[in-house]
Amino acid sequence: MTATPSPTLAGRVVAVLLHPASAIVGLALVVVAAQVFGQSFWTTLATRAAILALAALSLGFVLGQGGLVSFGHAAPFGIGAYVVLIAGEAGIRDVFALVPLAFLGAAAFAAPTGALALRTRGVYFIMITLAFAQMAYFVFSALSAYGGDDGMSIVGRATVFGVKLFRNDANLAWLAIGLLAAVSLFLHGTVHARFGHVLRAARDNEARTAALGFSVFRTRLVAHVLAAGFAGIAGALMAEQTGFVSPALMNWHRSGELIVMVVLGGSRRLSGAVLGAIAVVLVEEFLGATTEYWKLGLGLIILAVVAGRVADLGRLVGRRG
Amino acid sequence: MSFTLLLVQILNGLQFGVILFLVAAGLTLVFGVMDFVNLAHGVQYMVGAYLTATAVAATGHFGLGLLVGLAAALVLGLVMEMVLFRHLTRRDHLEQVLATFGVILVATDGVKMIFGPAPIALAVPEALSGSVALMPGLLYPVWRLVIIASGLFVAFLLWFLITRTRIGMLVRAGSTHPEMVSALGVDIDRLFLFVFAFGAMLAGFSGAMAGPILSVEPHMGDTVLILAFVVIVIGGIGSVRGALVASLIVGLVDTLGRAFATDLLRLVVDRSSAAQAGPAIASMAIYLFMAAVLIFKPSGLFTGERATWTK
Chain Y
1065 MTATPSPTLA GRVVAVLLHP ASAIVGLALV VVAAQVFGQS FWTTLATRAA
1115 ILALAALSLG FVLGQGGLVS FGHAAPFGIG AYVVLIAGEA GIRDVFALVP
1165 LAFLGAAAFA APTGALALRT RGVYFIMITL AFAQMAYFVF SALSAYGGDD
1215 GMSIVGRATV FGVKLFRNDA NLAWLAIGLL AAVSLFLHGT VHARFGHVLR
1265 AARDNEARTA ALGFSVFRTR LVAHVLAAGF AGIAGALMAE QTGFVSPALM
1315 NWHRSGELIV MVVLGGSRRL SGAVLGAIAV VLVEEFLGAT TEYWKLGLGL
1365 IILAVVAGRV ADLGRLVGRR G
Chain W
25 MSFTLLLVQI LNGLQFGVIL FLVAAGLTLV FGVMDFVNLA HGVQYMVGAY
75 LTATAVAATG HFGLGLLVGL AAALVLGLVM EMVLFRHLTR RDHLEQVLAT
125 FGVILVATDG VKMIFGPAPI ALAVPEALSG SVALMPGLLY PVWRLVIIAS
175 GLFVAFLLWF LITRTRIGML VRAGSTHPEM VSALGVDIDR LFLFVFAFGA
225 MLAGFSGAMA GPILSVEPHM GDTVLILAFV VIVIGGIGSV RGALVASLIV
275 GLVDTLGRAF ATDLLRLVVD RSSAAQAGPA IASMAIYLFM AAVLIFKPSG
325 LFTGERATWT K
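First to last, the sequence lines map onto chains Y and W.
The first sequence stops at residue 1385 when you use this note's numbering, and every number in between is there.
The second sequence stops at residue 335 when you use this note's numbering, and every number in between is there.
Don't take every hint at face value.
Claimed, not checked - Distance windows between CB atoms, simulated:
hint	chain 1	residue 1	chain 2	residue 2	range
1	Y	Ala1375	W	Leu185	34 to 40 Å
2	Y	Gly1242	W	Ile319	39 to 45 Å
3	Y	Ala1085	W	Met204	39 to 45 Å
4	W	Phe320	Y	Ala1375	40 to 46 Å
5	W	Ala304	Y	Gly1253	37 to 43 Å
6	W	Gly87	Y	Arg1183	45 to 51 Å
7	Y	Gly1277	W	Asp211	30 to 36 Å
8	Y	Ser1104	W	Pro322	47 to 53 Å
Claimed, not checked - Here are some of the chain W residues that sit facing chain Y, going by a computed Cβ distance under 10 Å:
hint	residue
9	Thr28
10	Val99
11	Leu100
12	Glu119
13	Leu122
14	Lys136
15	Ile256
16	Gln300
To be verified - Covered by chain Y, according to a simulated footprint, are these stretches of chain W (three or more residues, beta-carbon under 8 Å):
hint	segment
17	54-68
18	123-129
19	241-255
20	307-320
Hints are computed from structural coordinates only; laboratory data are not their basis.
Ideal Cβ positions, reconstructed from N, Cα and C, are used throughout, including at glycine.
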């Protein structure tokens, strides 16, 4: 028996299920099962879930820990995908080059736009991140050399030292899940390091944090750029999986969906974003299979969740009109 | 790049700016008075166009259809505020973003279900469908002139409402000192309801006016919404005057940029790279302008005078 104070079996099961690692282990098990039962569709679904979980995780880091509601996270995601396309056209296909390049490409976009957006607060920050993401969308739509509005197929999946390892869907799934696990570990460490404490302190009381001698702006900018970089890696993986890159990847609805994933899963914990992403991918898959209007269903779920939260708090603090 | 073409593009830019102003005016007041992020404002624009198109088709008369469409947009705004938005006004921005994004998803797919994903027809009224010669060799569609005129009229109306009426005084006071206003016995929630519904109607009006020249389709609100955000950021939250100036700037910069960027670039670089880079630079122009404003005035051009025209 362990000394943890879990009174019931059900409570313990829930605790295990909500453990940050469970979702990732679960995705890995799905891939294993897919191999055993020969269901390639499960592999595709698990890969997609892992990719969007990585993007949502990076957003959850700035949004949950930093309190920065970025409504432009689709932009670094899409830029990561375009890095794969453009590097591929230039003959660079090795995964050890593509992943860092995707990170750097997205970070290079996020550093100047983030530095500008972080000059503002609240509503302004939301609108400005959205506006800059839309700028990226239109710029890539105008790049006729890379397919313009319609987008373009990538030359082929990434290689490892010249070996076309990722032709096999399962290997790509392992890459996505592995990167998700690595980034989770890294962000977990960051959150519990001094940096994470400063980031949360700035979220809760900016003036006091600044008075303690920390640079709130620099901390937030680093978090913002880091998150964008990881979103770029997710975008690169998405390009690898679908083999196709278009501006639609950075449509602002994707930014909204990433926020939905983070909030549905719970923004205070890092693992929430991963669970939220998996939930939304499942909703998309199963509602999408029954009706083409699956976004209506997603919208209703969002409204129900918000209504629940509003009602809950109303009961706790008494009615405030 | 002849003079006539330049003039036509300037008029097009003004007309686009006016459309943006009609959307941004309501949005900026809702931001200013209630500090409320309403992503679903683009939905009001889109639904306004659909309602008007339906009413015009049913009545066979544009003016009558427009009135019915506007009334319906106003009612929709009232209902949305009472059912959903009033519960969100004092909450986190994150929750407002989430809820209004949910509204977008539901409304966009709802409209797709009812009207289909393809654009529906909304014709310019017969009497205003022609063109007039503004000067020799310059024919310009009457409807676009009507849009410009009606936008400037709404700007005047808003100026009058905000600076010359009791309700405008309350809106001004409510945007800077909500607690004090409500302590003086004003029902601030009702004030918000009024501002919100009026803003919704203006957005609907904008959609109805733009409907005949753009296309009436489920995603028509998306682009306008984000440009309205840019307008508000440039103009300053809560400032209707800022919204007016900024929307005209954004309309002109965007339209002229798209029309002339490639030609201008050709003066400095060769033909093919100009054709490549021109459209990309043109689409960045308004965002770069926004960035420049942010560097020098982080809270917009017309700050410190929230929801007002004059200081």
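Here's how the hints hold up against the structure:
no.: 1; hint: Y:Ala1375 to W:Leu185: 34 to 40 Å; result: holds (35 Å)
no.: 2; hint: Y:Gly1242 to W:Ile319: 39 to 45 Å; result: holds (41 Å)
no.: 3; hint: Y:Ala1085 to W:Met204: 39 to 45 Å; result: violated (52 Å)
no.: 4; hint: W:Phe320 to Y:Ala1375: 40 to 46 Å; result: holds (44 Å)
no.: 5; hint: W:Ala304 to Y:Gly1253: 37 to 43 Å; result: holds (39 Å)
no.: 6; hint: W:Gly87 to Y:Arg1183: 45 to 51 Å; result: holds (47 Å)
no.: 7; hint: Y:Gly1277 to W:Asp211: 30 to 36 Å; result: violated (46 Å)
no.: 8; hint: Y:Ser1104 to W:Pro322: 47 to 53 Å; result: holds (51 Å)
no.: 9; hint: Thr28; result: violated (27 Å)
no.: 10; hint: Val99; result: violated (20 Å)
no.: 11; hint: Leu100; result: violated (16 Å)
no.: 12; hint: Glu119; result: holds (6 Å)
no.: 13; hint: Leu122; result: holds (5 Å)
no.: 14; hint: Lys136; result: holds (7 Å)
no.: 15; hint: Ile256; result: holds (7 Å)
no.: 16; hint: Gln300; result: holds (6 Å)
no.: 17; hint: 54-68; result: holds (count 4)
no.: 18; hint: 123-129; result: holds (count 6)
no.: 19; hint: 241-255; result: holds (count 4)
no.: 20; hint: 307-320; result: holds (count 7)
The earlier numbered hints that this structure contradicts are 3, 7, 9, 10 and 11.
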